[in-house]
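Protein chains: 2
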Amino acid sequence: MPNVPRTALQIRSLVKTNGELELSLAEFEVPKPADGEVLVRVDASPINPSDQGLLFAGADLNTLRASGSVSRPVITAQVPPGALRNMAARLGQAMPTGNEGCGVVVAAGASAAAQALLGKTVAVLGGSMYAQYRAAPVEMCLLLPDGTAPADGASCFINPLTALGMVETMRSEGHHALVHTAAASNLGQMLNRICLADGVPLVNIVRRPEQAALLHEQGAVHVCDSSEPAFEADLVAAIRDTGATLAFDAVGGGRLAGQILNAMEAAIVPPDAPYSRYGSDVHKQVYVYGGLDPRPIELRRRFGFAWGVGGWLLTPFLARTSGEDLVRLRQRVADELTTTFASHYTDQISLLEALDVATLQRCARQATGEKFLLRPQR
Amino acid sequence: MPNVPRTALQIRSLVKTNGELELSLAEFEVPKPADGEVLVRVDASPINPSDQGLLFAGADLNTLRASGSVSRPVITAQVPPGALRNMAARLGQAMPTGNEGCGVVVAAGASAAAQALLGKTVAVLGGSMYAQYRAAPVEMCLLLPDGTAPADGASCFINPLTALGMVETMRSEGHHALVHTAAASNLGQMLNRICLADGVPLVNIVRRPEQAALLHEQGAVHVCDSSEPAFEADLVAAIRDTGATLAFDAVGGGRLAGQILNAMEAAIVPPDAPYSRYGSDVHKQVYVYGGLDPRPIELRRRFGFAWGVGGWLLTPFLARTSGEDLVRLRQRVADELTTTFASHYTDQISLLEALDVATLQRCARQATGEKFLLRPQR
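Those protein sequence lines, which keep their order, are chains F and X.
Residue numbers for the first sequence follow my numbering, beginning at 73 and rising by one.
Residue numbers for the second sequence follow my numbering, beginning at 73 and rising by one.
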């Protein structure tokens with residue numbers, strides 16, 4: 073393997089039995105790819121909300137502290153006892169992190185499929201991507217056009233397939249329009265572009281006026297700002313206009329999911345409808361796919377009995393999607409990578425720069441609009 | 073129509089625009105049955121939790137007040153502004169009440185199916201049963217054995233079909249055991265008997281030691297008392313023993329639904345399982361079919377992403393059940409009316425006796441074990 077070092081670095085996350093979280097740079101031996109594998113030089117990997125659970129392990133980030141050396145920084149923090157109870161299965165294991173990324177194939181196993189990727193730019197979904205190199209099975213790789221910029225190829229899977237999965241789920245469950253929360257996120261902007269392209273009515277819920285302005289600039293028709301006093305009335309009006317009976321919620325705590333169900337019910341039931349204590353018979357559904365708000369979900373029931381709230385995740389969605397549909401979805405991502413599925417990063421940093429107290433705190437705030445891209449080759 | 077009076081009495085519930093609830097005895101003209109109808113002399117009708125929404129309209133029962141005359145009492149109470157907002161569609165209408173009941177067919181329309189029921193004892197589901205007479209389409213009637221006692225035939229539909237519907241739903245959605253809350257209710261006792269007969273593992277959740285004792289006496293294997301300090305651990309153990317991944321919840325407010333989901337997840341994930349921040353991939357479901365606790369539903373998420381909470385009602389269940397299955401379920405109820413589907417009433421009262429402040433307050437408390445049977449012919 074010419075030009076491939078014998079060892080490389082990766083970010084690991086360890087939770088000790090005493091509740092201490094330790095983030096460190098670990099040196100590992102660069103593996104030789106097996107027959108059906110390729111070795112990818114990782115050029116870029118995003119820090120997604122879905123990475124932070126494994127990375128931070130629910131630690132109290134006010135307790136973040138730096139130690140170690142300049143070239144091998146160690147970051148520690150304390151995991152509160154409540155969160156620690158959920159970490160039993162990972163205690164004592166220094167876990168590799170990073171769900172997805174992209175790079176160039178610098179070595180390939182013996183199989184024809186692997187050899188065909190040699191020298192190509194690929195995106196990879198599969199964990200252990202906060203690393204300078206990653207051996208990956210061919211089927212984990214999505215071929216990108218030669219010369220795709222690292223920042224363009226880094227987020228090919230999680231946000232794009234999640235956004236597409238929402239629209240696919242909407243169709244397969246018989247809904248005709250969508251509500252989306254945290255709608256100014258990279259994912260939300262993608263979903264807005266997909267819905268505009270596909271003619272799917274979309275109600276965007278945001279938390280700040282500048283987020284509403286951003287989405288309006290991008291052509292969004294319905295934007296409801298939960299910081300506005302008229303939020304609930306605006307939401308009912310937007311849901312009535314679109315006929316949305318399905319929402320995807322990244323917030324997953326507090327009253328928002330219940331407010332959406334109540335707004336759907338209010339939009340469905342005409343003011344002069346005959347009284348029914350059981351509410352409308354139109355099924356209203358909220359899928360929670362994130363946990364930006366760690367508080368309990370609080371449902372104030374004024375939405376009758378035809379309702380559901382449930383978890384939604386990308387992986388089970390992909391598992392129940394046919395091979396043919398998966399090829400179609402992945403190909404659309406590759407084809408529209410710099411348009412529909414464009415991502416924006418506020419900072420591009422090395423693995424070393426990521427192990428910094430201030431950077432990690434900004435990262436963990438999950439403020440919509442702030443997004444970090446790791447560049448492991450820097 | 074020999075022996076049928078020209079007019080009869082029924083209980084009506086009126087909400088005025090000023091928020092006053094008024095319960096009264098209304099005189100109405102006894103109808104002549106149409107061709108496909110029968111006229112039923114109502115001998116018994118239960119006051120179910122599902123009747124109380126229409127009857128009480130969310131009124132504050134501390135404000136109950138009696139007026140009117142001895143033979144025509146009027147009961148009033150104040151509907152709080154919050155509840156009144158949901159009552160817009162029924163304002164100003166004095167609505168007949170009472171979902172189900174039984175009695176004898178005293179007149180029949182011209183059709184052969186109607187004539188065949190003349191003189192027979194039938195159970196009826198269809199509203200307006202807190203009345204001395206009720207005209208009902210033949211298809212609303214379930215034929216009962218001649219001489220069935222009014223107390224035995226009064227509750228043929230709502231509790232029996234709800235309990236059977238839970239087991240049918242369990243099977244059709246691929247679950248193999250059940251959790252049930254408010255499990256010492258008439259409905260809960262029925263469900264326990266069905267599950268024992270059909271070999272379905274059942275976890276009964278109750279709120280008091282004497283309720284646990286009652287269910288144990290009736291052969292229940294798993295009973296968890298939420299008033300016990302070890303409740304959450306008991307629940308995990310019972311769910312692990314049974315493999316239950318589906319719960320039916322009559323409480324519908326507070327933390328119970330979330331506790332059940334968390335217990336299911338804890339029962340599913342072995343202590344030495346590899347760490348996953350997304351939780352198990354086993355779907356865990358709670359269906360809320362009641363609202364004994366009016367507080368918001370509060371879900372504290374430690375149950376991963378494979379979960380759902382949703383509304384469940386008898387009517388939509390019946391609507392999606394095939395005609396063949398409905399005949400099977402109704403026939404089982406008729407066949408096992410005094411065994412599996414036996415109901416118990418603490419009080420049997422006339423329509424006049426029901427319009428009493430103390431009686432209505434006891435009734436509205438929905439204390440498990442207390443249940444009223446209206447006897448309109450008294």
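Hints were generated in silico from the structure; no laboratory data involved.
Incorrect hints may appear among the rest.
No copy labels: a pair is met if it fits in one copy or bridges any two.
[Claimed, not checked] 20 Å max Cα-Cα, derived SDA-like pairs, lysine to any residue: (1) LYS192 <-> THR135; (2) LYS88 <-> GLN150; (3) LYS88 <-> THR411; (4) LYS192 <-> ARG265; (5) LYS443 <-> VAL429; (6) LYS88 <-> THR135; (7) LYS88 <-> ASP344; (8) LYS88 <-> SER348; (9) LYS443 <-> THR89.
Evaluation of the provided hints:
1. LYS192 <-> THR135: Cα proximity of LYS192 and THR135: none, with 42 Å in one copy and 77 Å across.
2. LYS88 <-> GLN150: within (10 Å within a copy, 59 Å between copies)
3. LYS88 <-> THR411: neither (43 Å within a copy, 58 Å between copies)
4. LYS192 <-> ARG265: Result: close neither inside a copy nor across copies, 28 Å intra and 65 Å inter.
5. LYS443 <-> VAL429: Answer is within; shortest intra-copy Cα gap is 16 Å, inter-copy 62 Å.
6. LYS88 <-> THR135: Intra 15 Å, inter 59 Å, cutoff 20 Å: intra-copy only.
7. LYS88 <-> ASP344: Classified as between; 16 Å across copies, 61 Å inside a copy.
8. LYS88 <-> SER348: Classified as between; 17 Å across copies, 55 Å inside a copy.
9. LYS443 <-> THR89: neither (31 Å within a copy, 53 Å between copies)
Against the hints set out earlier in the document, violations occur for numbers 1, 3, 4, 9.
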